[in-house]
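K.L.:
Sequence order for the protein chains is A and B.
Count along the first sequence from 1, add 42, and you get the number used in the working numbering.
Count along the second sequence from 1, add 42, and you get the number used in the working numbering.
Just so you know, the hints here were simulated from the structure itself, not pulled from any lab data.
Please note that a few of the clues may not be correct.
[To be verified] Partial selection, computed: residues in chain A whose CB lies under 7 Å from chain B:
| id | residue |
| --- | --- |
| 1 | G90 |
| 2 | L91 |
| 3 | V318 |
| 4 | A403 |
| 5 | L452 |
Ideal Cβ positions, reconstructed from N, Cα and C, are used throughout, including at glycine.
Protein chains: 2
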Amino acid sequence: MGVEGEKVGRTRSGGRAARRQARCRPAIIQMPYITRRIPLTEVLSDEGLEIIENNAEIILEEIGIEFHDDEEALAIWREAGADVQGTRVRLPRGLARSLIKTAPETFIQHARNSVRSVQIGGDAMVFSPVYGPPFVRDLDGGRRYATIEDFRNFVKLAYMTPSLHHSGGTLCEPVDIAVNKRHLDMVYSHIRYSDKPFMGSVTAPQRAEDSVAMARLLFGDDLVAENCVLINLINANSPMVWDATMLGALKVYARAGQACVISPFILAGAMSPVTVAGTLAQLLAEAMSGMAFTQLVRPGAPVVFGTFASSISMQSGAPTFGTPEPALVLFAAAQLARRLGVPFRSGGSLCGSKLPDAQAAYESAQTLLPGVLSGVNFMLHSAGWLEGGLVSSYEKFVMDGDQLGMMQALAGGIDLSENGQAMDAVREVGPGNHFLGCAHTQANFQTAFYRSSIADNNSLEQWEEDGSKDAAMRANGIFKKMLAEFEAPALDPAIDEALTAFITNKKNSMPDALE
Amino acid sequence: MGVEGEKVGRTRSGGRAARRQARCRPAIIQMPYITRRIPLTEVLSDEGLEIIENNAEIILEEIGIEFHDDEEALAIWREAGADVQGTRVRLPRGLARSLIKTAPETFIQHARNSVRSVQIGGDAMVFSPVYGPPFVRDLDGGRRYATIEDFRNFVKLAYMTPSLHHSGGTLCEPVDIAVNKRHLDMVYSHIRYSDKPFMGSVTAPQRAEDSVAMARLLFGDDLVAENCVLINLINANSPMVWDATMLGALKVYARAGQACVISPFILAGAMSPVTVAGTLAQLLAEAMSGMAFTQLVRPGAPVVFGTFASSISMQSGAPTFGTPEPALVLFAAAQLARRLGVPFRSGGSLCGSKLPDAQAAYESAQTLLPGVLSGVNFMLHSAGWLEGGLVSSYEKFVMDGDQLGMMQALAGGIDLSENGQAMDAVREVGPGNHFLGCAHTQANFQTAFYRSSIADNNSLEQWEEDGSKDAAMRANGIFKKMLAEFEAPALDPAIDEALTAFITNKKNSMPDALE
């Protein structure tokens, strides 16, 4: 059972019982991707959703979307019946929605360890770690530029976090490697130090090609030709612009039958209107234009309706997180995605705080839980995000991982089996007594409640004796212990050799470049 | 408009603009109680709810509930048709549910300032602060026993927190005043330093009588006779026991037409079965027995279905908070309350952490947001709770208050007016430009997004220049500033004199006592 396995798994990262377990069980316990058993939270009525959808069609038809520096894209749109004037593409009402119909409602992203393959869409929910920060932070070294060593560390931590179902993509930017070569080391690290599914590079079409080529070496040409093995983040330049880099990567992945997450990246108030309903209409138009384009490139290519939407401080212009307006956007955008019949990406453990403190936790929880309840299918940034996405935090990574385990239990809903109803226990104990020793409790206590790896619930005296540590200080000890105990999953040496040779050849074929 | 007022109000506790505002506006802006405009989140189907309800009826009929040391209560039950054996009261199937039908679905609790009166039940949601801790903590003095000075401080902070609609009850235990007299000072402090609605004493029937007497001096006999002016926390001794203290207070309040919050107090695994469904059946049986009893005492007396349910660590026995199982209990209990047609109390910003750190914030948010989404009507402990309810935290009080403001905005839902849709802005700005300067943004930016009083979203450089403070350190400065700026709302001197005389007489009429 999912929830049960999760509880056993969670204990691995701390505690005496965990160490005992670890000794007799070499492989770590991983959670399967979540299959939701609780209803969805929805904030808009059908009438409200129709207003947003109508406004999105107006944007697509009257204002249009820019497709920059990509003549092929413009030709594809012309061919499809769009009104193309310069780089402005206007879509007749209904065209985008009609094109999106060929996209699958759900698909499987394969992992090299097939038990880690994940379903994207439907009742499934997949947690993937932070993506993109140029900096890392921990309590020991403070904030500093990320390196490939940091990148490998985060791959290892994601691999060892049972509630992360995915290895993610750019866990941090390894700035010690040339921009035109680091994608090779990143993709290789995901393959070498994890066996969970992962993401490809999108920073140039050639790097997307390299990602697909490495996936072919790992999975074999036949499997890649017929299946999704890479999921890839295609961001819009909101408002209403697609650039050549993203369009190029999109075309590579869609043609290879790999998944694109089409994500408007919106700080409302700057890149969209300063209201929730206005932001929703714009992001729906942007997402529909990108998703429709994937289906023109290859009908049936897996595609995900993505949104990253937060707001800015109207005083300072700084991005803000965990506030109510982005939560409302998230809830409603999930509804819009379901009406299009495509998987949805959003959420994460987003925060603006500089430290893994109370601000970070409030903001993260106020993004994470709305994401879970709204029905997000692929949740990027679900662990480790700090300082508005500038920083991957080691301590926050394990703190968020603990929260993800809780979300997995929550999504499992209420067990209404006879054992779950526990009427025997109520009869046995009766008024005025306690349940600690009753037969039902004895039979269930090991797996009954989610066991946090971070929380300290000891007495004040015990906590003081343990050093009066706050949550971040405890998380610091936990991530170091995890890295010390890391063991890489086995990888076929022939595949490893082929990948290493590919990377060496690629790196030798070009000089280092800064972009 | 609620959301708008809230945003203006929130700024009062920090920032230059706030100080400017404060100078030209002597009275603080308060938020009205919340009127929910988003749908409810529900986790159980009708079929699931019927299973729980059936199990609760089995508990009431076959196992029964203990009513301790209160012959009158037993006589009332006998008269009502219950099977009373010793102190065990067994209720024929359907009796409790039938008795509860006379309870109002919603009622108004009056405040001495009538604009602060609150609706309890229906679409309304009322936030009330922490209740019960014997200790307080702040960054300066650490953890220490609470005093009446602390109590007054928390009344003042609750008064100045726009998103707290209620002054609460035992904000902390003033242990420097005799147990048999401190209720007089507590009730007086709520009246003197706030004009929001408040709670009466339940620690002895006589203290409940004193609370009602003081309410009569404040509101006048006529108003109190016909209206609810006190809401009072009646805890069960779970499992399935009501004690004489609580029954005595219940009878005083119900007879006076004042509201009782009938609350099973459950740490699942110890005071209830170690499963969610088992805990739900037991707490429903307990709550139904108490609510039905209020209606036997006085049909139509206002009553609230309360629940405080968390779980214990099955390793250490310590209570735990913010975990998924209590959230599931909360969601489902709210559904059960709605099916009974009574208001619901639960939730709060609960946590087990010793410090206002990331653990405190994650756990609090993971209780607060489920409470808001489940449809809690009266949320006790919504600000200031720390260390499993042993501590009222000054810093956490203001941090939680900020979160409550966000919840108020979230519950307001999405503005679908023409201004909310913002299509003019999208047309004006168009692809590739930014929205900061457009007419719609200029017209709306002051009230567009919730503005946190605690979060720091400045650049790293600015944040470092400001002292590299974490959220708790910033909250420390904020609560001190609030207390320094506090001005008590006006109180009729004749009423003040009458209350003071009542208290002096009462105190002189008895020696100090330890319980």
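K.L.:
Indicate, hint by hint, whether the structure satisfies it.
P.N.:
Checked hints:
Interface restraint check for G90 (chain A): the shortest CB-CB distance to chain B comes to about 5 Å, inside 7 Å, so the restraint holds. Hint status for L91 (chain A): violated, given a least beta-carbon distance of 10 Å to chain B, over 7 Å. Because the beta carbon of V318 (chain A) sits about 5 Å from the nearest beta carbon in chain B, less than 7 Å, this interface hint is met. Because the beta carbon of A403 (chain A) sits about 4 Å from the nearest beta carbon in chain B, less than 7 Å, this interface hint is met.
Interface hint at L452 (chain A): satisfied, since its Cβ lies 4 Å from the closest Cβ of chain B, which is below the 7 Å cut-off.
Figure legend: structure checked against the earlier numbered hints; the only hint not met is number 2.
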